[in-house]
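Residue numbers (my numbering), protein chains in the order written: chain A, 85 to 656; chain B, 102 to 473.
Quick caveat, the hints were computed from the structure, so don't treat them as lab data.
Warning: the hint list may mix true and false statements.
[As the list claims (entries may be wrong)] Far from chain B, by Cβ distances over 12 Å, these chain A residues were calculated:
1. K213
2. E277
3. E284
4. T290
5. G421
6. T439
7. L494
8. P500
9. E620
10. Q621
[Stated by the list, open to error] Calculated lysine-lysine pairs in the DSS-like style (CA-CA distance at most 30 Å, straight line):
11. B:K362 <-> A:K553
12. A:K442 <-> B:K291
13. A:K108 <-> B:K243
14. B:K212 <-> A:K130
15. A:K612 <-> B:K243
16. B:K243 <-> A:K437
17. A:K548 <-> B:K368
18. B:K362 <-> A:K556
19. B:K368 <-> A:K442
20. A:K556 <-> B:K243
21. A:K496 <-> A:K213
22. B:K212 <-> A:K553
23. B:K362 <-> A:K442
24. B:K275 <-> A:K583
25. A:K237 <-> B:K368
26. A:K130 <-> B:K286
[To be verified] FRET-style restraints, in silico, Cβ to Cβ:
27. A:N374 <-> B:R415: 31 to 41 Å
28. B:T354 <-> A:N377: 17 to 27 Å
29. A:G131 <-> B:Y341: 42 to 52 Å
30. A:H447 <-> B:Y341: 50 to 60 Å
31. B:A232 <-> A:P615: 35 to 45 Å
No residue lacks a Cβ here, since even glycine has one placed at the ideal position from N, Cα and C.
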Amino acid sequence: MAERIVVDPVTRIEGHLRIEAEIKDGKISEAYSSGTMVRLLEEILKGRDPRDAWAFVGRVCGVCTTVHSLASCRAVEDALGIVIPPNAELVRNIMYCTQYMHDHVVHFYHLHALDWVDVVSALKADPKKTSEIAQSISNWPKSSPGYFSDLQKRLTTFVESGQLGIFANGYWGHPAYKLPPEVNLIGVAHYLEALEWQKEIVKVHTIFGGKNPHPNYLVGGMACAIGLDDVSGINAERLAYVEQLLKNAKDFINQVYIPDLLAVAPYYLDWGAIGGGLGSYMSYGDLPTNGYNDPSSFKFPSGVILNKDIANVQDVDLRNDTEVQEFIKRSWYEYDGGEDAGLHPWAGESRVKYTGPKPPYEHLNVNEKYSYLKTPRWKGNAVEVGPLARVLIGYARGREDFKAVVDSTLAKLNVPVGALFSTLGRTAARGLESILVADWALEFYDSLILNLKNGDTRMAEMEKFNPAKWEKTAKGVGHTEAPRGALAHWIVIEDTKIKNYQLVVPTTWNASPRDPNGNMSAYEAALKDTPIADPEQPVEILRTVHSFDPCLACAVHVYDEDGKHVSRVKVL
Amino acid sequence: MISKPTHRPTYYEELRQKGYSRRDFMKFCSMIGAYLGLEASGIAQVANALQKTSRVPVIWLHFQECTCCSESFIRSSHPIVADIILDKISLDYTETLMAASGHQAEAAMHKTMQDFNGEYILCVEGSVPTAEDGVYCCIGGKSAMQILDEAAAGAKAIIAWGSCACNGCVQAAKPNPTRATPIHKLVKGKPIIKVPGCPPIGEVMAGVIVHVITFGRLPELDRVGRPKAFYSKRVHDTCYRRPFYDAGLFVETFDDENAQKGYCLYKVGCKGPMTYNACGVTKWNNGTSYPIQSGHGCFGCSEENFWDNGPIYRQMANFPGFGIEADADKIGMVAAGATAVGIAAHAIATNFRKAKLIDDLIHEGKDAEKEL
């Protein structure tokens, strides 16, 4: 007997995501992922100045801020044949690493941890024992018995007030929570510390881009001119500030985030065999060390792995119109070429046509169109993008830095390589690449200093900034690896204006509906066969969906076969 | 099952229970007082308010947005979000941070709406698409419009966070395909505080909330509904690069010699002269910098319909309709016109004198250096 579960809103994500799932024999038999909000920025961009596009598309997301602006600048620079100066590349790289560190830590503690950490259980912890555990896993200074005891008192007062705020109605006490109270208390402590910390690391964006969220970018380079002998420019004080922030971030990642990840994982090793999904992965690669036009210099290598075949990494060509294509058979759009057409983004269309139920509704008609996300495919294949894809591709490409962090972690947890293809693997991969990124950020900083020392202070290439110097028509593609995965923007410029602009974003790869052949994308595939202990409290769905770090938001409702709510979950 | 206590503890009681001393409490009050620019007597008022009031329930809705406002809010460093604000308000619904999902999340919101009818603050992040019966943004199967109607009914006041909720922001830019609509055009009969910006500064957001819970009333608003404390000054008038504008010293193109010297960005499109915001004073991320300080012009993200106010890098004086003499007290566009005239006449005639002055001072400095 199948039960229909609806998760809408899925919280602790960005945006509006809805999951509908059927449960049979305690497992998910079918899952449907739907994006329920649309803004149609592609339509708004038509006819505008291509140099402004980074600002518009930056507003696609304030959580993964910077990534769309970066992809956009690269797309326009590609179209106009602009090569940015090395300093601009380095500043962009440092901002990129900053975004990763911020995003991954916030995801782990504020968006994902409450799927694994039981806040209420932390009230029962023994502070002395908590301190012993904390000191055994890390040399982070905030770990005394008194520290945990004070925190516990504060938490107790909070809970006893009856106003539980953001912690109200969580699945506390659910049997899927396995951590001892002491580890839960460490989790809560670091939830609060990470909330404090995250506002610091973003200051790197503020120094180079003037603000965060949504720092400023510039086609041709960066606007933050170097002025070593001026109070207004990027001078020694500003640079020292950046270095300090990067060092502090590295400490937080290595002394808090990673030890916590390794302390929590052993209690959830069964999740090393759940939520694997597609087994096919793609990365566009990023972090140039010899210019964006030399992909062999990227810190994150690019490639595609199909069906877990890590011995065979294939290359990606974003200009080839038979590789990346978007379909709309199950999405609320229409194409001139009909329902089954797949369009390369340079020829992409974004004409919305909603055919879903009129709100308020209880179910989507999942047998027809059911999402505002289009369905992208690589040579017809569904692929997963994100940290796991990047780590696997780095590993499969034989990169020593990737092998070192992966192999040592597998050894510490005593699990085989196969455990990576899972919900736990996805969550772990995010931590592992954070270790690498924290190191790389300081390497880029050192390179920037060296350049400045050698007298190169250029920060922007403005020769072709003037539209009078552009060809009548031009097209470009700009790609990056956003924290959530492969991201690219395609632009067509005509008569100095945007003629077409298409974004294919990571969450579209992962969260999209089925393709014309009925094949699932990553979320739906990963949710299939996930065990659900209690359909009223489907924490298991949240674990797998959150392991992708969704960039759209939704909610979860549980319905019985007749589409009615099953009994309400009792309030804590 | 934890039942709702009959007496909700005040801030002061809570702080004492958490082991903070009276002294710590007064320090906190002074900090807020100083932040709000109060005299010593005002600090006593803060202390008094915090000892008497309870945690204010807050429902925070998300519609057509990018979550940059929530992200900015958690960047606030004074008051500190983790230690004070998240404890001082009861953030009962926010899709970004709350533990519960699905119907448990909705249940939390409905409980607050019932238990605190007429008392909770409703924060709205995002615009509401009104085309096609609202199908462009649905949450839990309901349209954004339906959710807003329901939540606004029992709210004491509404805070419209960011440019999306205040003026529709990027999705309302032409041709506004989803008919994205700001909150004040949809909700009538409730006090609405507009806190525009893309996003607003984190400390400004926290400051608005602190004002409401501390003084128990809305901050003083300007004629379009923005708190005067943060939106009464033009970025241009509070900009540390203003003297270069007055002296007629401009960046001609990004990364030129003048850019490296931090001259005025007006000619590369800065909209500071038509933008009302606290960037020049409060700055961003605990005072670290702001767009102009980091070399990029302001593009007016807190102004109405700023996405359609012309290309980002076009100098304001080049917009049609500028170059006329105007009353500088008038807002936005007209003020920009006055600025354009400022360049043409004011800078040339009067401020060459200032340029000379600056030049002289530099030479004096060099002479002094030689003497050393």
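Hints and how they fare:
no. : hint                          : in the structure
1   : K213                          : holds (21 Å)
2   : E277                          : violated (8 Å)
3   : E284                          : violated (9 Å)
4   : T290                          : violated (4 Å)
5   : G421                          : holds (21 Å)
6   : T439                          : violated (10 Å)
7   : L494                          : holds (31 Å)
8   : P500                          : holds (32 Å)
9   : E620                          : violated (9 Å)
10  : Q621                          : violated (8 Å)
11  : B:K362 <-> A:K553             : holds (27 Å)
12  : A:K442 <-> B:K291             : holds (28 Å)
13  : A:K108 <-> B:K243             : holds (27 Å)
14  : B:K212 <-> A:K130             : violated (44 Å)
15  : A:K612 <-> B:K243             : holds (27 Å)
16  : B:K243 <-> A:K437             : holds (18 Å)
17  : A:K548 <-> B:K368             : holds (18 Å)
18  : B:K362 <-> A:K556             : violated (35 Å)
19  : B:K368 <-> A:K442             : violated (50 Å)
20  : A:K556 <-> B:K243             : violated (46 Å)
21  : A:K496 <-> A:K213             : holds (22 Å)
22  : B:K212 <-> A:K553             : violated (61 Å)
23  : B:K362 <-> A:K442             : violated (58 Å)
24  : B:K275 <-> A:K583             : holds (15 Å)
25  : A:K237 <-> B:K368             : violated (57 Å)
26  : A:K130 <-> B:K286             : holds (27 Å)
27  : A:N374 <-> B:R415: 31 to 41 Å : holds (35 Å)
28  : B:T354 <-> A:N377: 17 to 27 Å : holds (24 Å)
29  : A:G131 <-> B:Y341: 42 to 52 Å : violated (36 Å)
30  : A:H447 <-> B:Y341: 50 to 60 Å : holds (57 Å)
31  : B:A232 <-> A:P615: 35 to 45 Å : holds (41 Å)
Hint compliance for this structure: hints 2, 3, 4, 6, 9, 10, 14, 18, 19, 20, 22, 23, 25, 29 are broken, all remaining hints hold.
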